[in-house]
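Student: First to last, the protein sequences are chains A and B. This note's numbering puts the first residue of the first sequence at 1, with every later residue one more than the last. This note's numbering puts the first residue of the second sequence at 1, with every later residue one more than the last.
No lab work stands behind these hints: they were computed from the structure. Just to be clear, a hint being listed does not mean it is correct.
[Said to hold, decoys possible] Among the chain A residues that face chain B by a calculated CB cut under 7 angstroms, a handful are:
hint : residue
1    : VAL140
2    : ALA141
3    : GLY158
4    : GLY163
5    : GLY164
6    : PHE243
7    : LEU275
8    : ILE277
We treat Cβ as the ideally placed atom computed from N, Cα and C, and that holds for glycine.
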Amino acid sequence: MRPSFFHHLHPPTIPAAQSRFRYTLGAGGLSVYLACVLLITGILEMFFYVPTPERAGASIQMITFLVPYGAVVRNMHFWAAQFLIITACIHLIRVVFTGAYAPPRQFNYLLGLALLVITLFLDFTGYILRWDESIHWALVAGTNLVKSIPYVGTGLYGFLVGGGKLSASTLTRFYAWHIFGLVLAMVVFLTWHLFRVRRDGGIAVPPVELRQDLTRITRFELVRREVLAIILATVVLLLVSIFIPAPLSAPMKQNTSVVADPRAPWFFLWVQQMLKIGNPFFFGVLVPIGVLTLLALIPYLFPKPIPAETGKWFPKSNRMAQIIVASIGLFIILLTILAMMPTQ
Amino acid sequence: MKSNEPTLSRRSFLSTTWKLTLGLSGLLGLGGLLQYLGYQSEPASPTQFKLGDAANYPPGSRIIVPDAQAIIQNSSQGFQALSLVCPHLGCLVEPDKEGFTCPCHGSKYDPNGVYRSGPAKQSLPELRLEETTDGKLILHTD
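Work out the full structure: start from the sequences and follow the hints.
Tutor: Okay, structure coming up:
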């Protein structure tokens, strides 16, 4: 049989440790699966969604209330997108907490960070496509943040929203990025990320001479586990999608300040909370970029864990990286909780 | 080769020319792309709003003009037109008992639009209000 990409990702046998749930948490695999669900449900939504200010809301209501199984399709798209952020972050934390980002995997770690950024942009553009009252201030504040960048801000703003102010062009552009530009980047980077996993020697485990557990599992056992994980994930996703509808408010009207929900989408609440302190460029652009840069530098700043500890939880030889990522995580969670608390 | 001849070989000349042409074409293409993406497909917002008779804005009134994202206040000092766009990140501030509050990041202003607290650090911009000879108000937002 001619080897395919599938065979590249599923060698005849792999070390049993590489596919243990308590090691990988299944987070990377789940993220890939959720991305596939998002692609399929997204294509289905494209058959009905109309990206104009007048019709966006009505077309979403049509999907939700009239199209057979439309509500399930839309809710699955919504929930898969929210879960993807969580599984991707768990995957990132697992990789750092097991020292798996260390050479030779440092480049794939960067590809993974790029995927996280693309995912956040996809989530934000998808959120904006609702074009309802609840997204208005997030759109205004988010795009004005871009404007706050010195020198290039105004030009970048025009490029982003399609003119000097928010308008129908803005929806067209966010739609184009959401369904094509960002998805294309996602497909390229995701394929590359998966390809590199095997190229770098599979999921990180200690080298064979230092390995305590030499058992291996076959390709068939690996696929069996993947199928089991997919079935479980699908059941959970379906249950959530059937019982918890994705939010939708009345269509956005220009120039109103009355009803809009001033909250950012949950994954950007931590940025909104920092913006309550002051300077938009510093807190809304520089700090998030700083956090991202710090994460990207981890493989280059901290020593490689000793080989016997590679691919094990909390290697002693790599405490600094774990402390930094844990602090970033706590910082973001704390700000998010503060932002969710009712004001006054 | 004579000693006073420049030492640029045919190969490196062609290679340099090739790279320069490629770089120049790239820059031209990038310039075109930026112009293409920078085109404003929507007309600019109006900067003048006819508000009608000044008598419609009696003393003590605070009336919001939604299209202009502004509020017209008639106090003892006369007319005052304030932009409701928060100078921090552009959300519309909401009038309340103590003045104005921005729903997005919590900046607060007093009833005259003067900055009180929060991340904005600036007051609400005051807009120019023109009263015509026949007693009509025109608001300028530029």
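Student: Taking the hints in turn, state whether each one holds.
Tutor: Now the hints, each set against the structure:
no. : hint   : in the structure
1   : VAL140 : 5 angstroms, holds
2   : ALA141 : 4 angstroms, holds
3   : GLY158 : 5 angstroms, holds
4   : GLY163 : 4 angstroms, holds
5   : GLY164 : 6 angstroms, holds
6   : PHE243 : 31 angstroms, violated
7   : LEU275 : 5 angstroms, holds
8   : ILE277 : 6 angstroms, holds
Violated hint: 6 only; the structure is consistent with all others.
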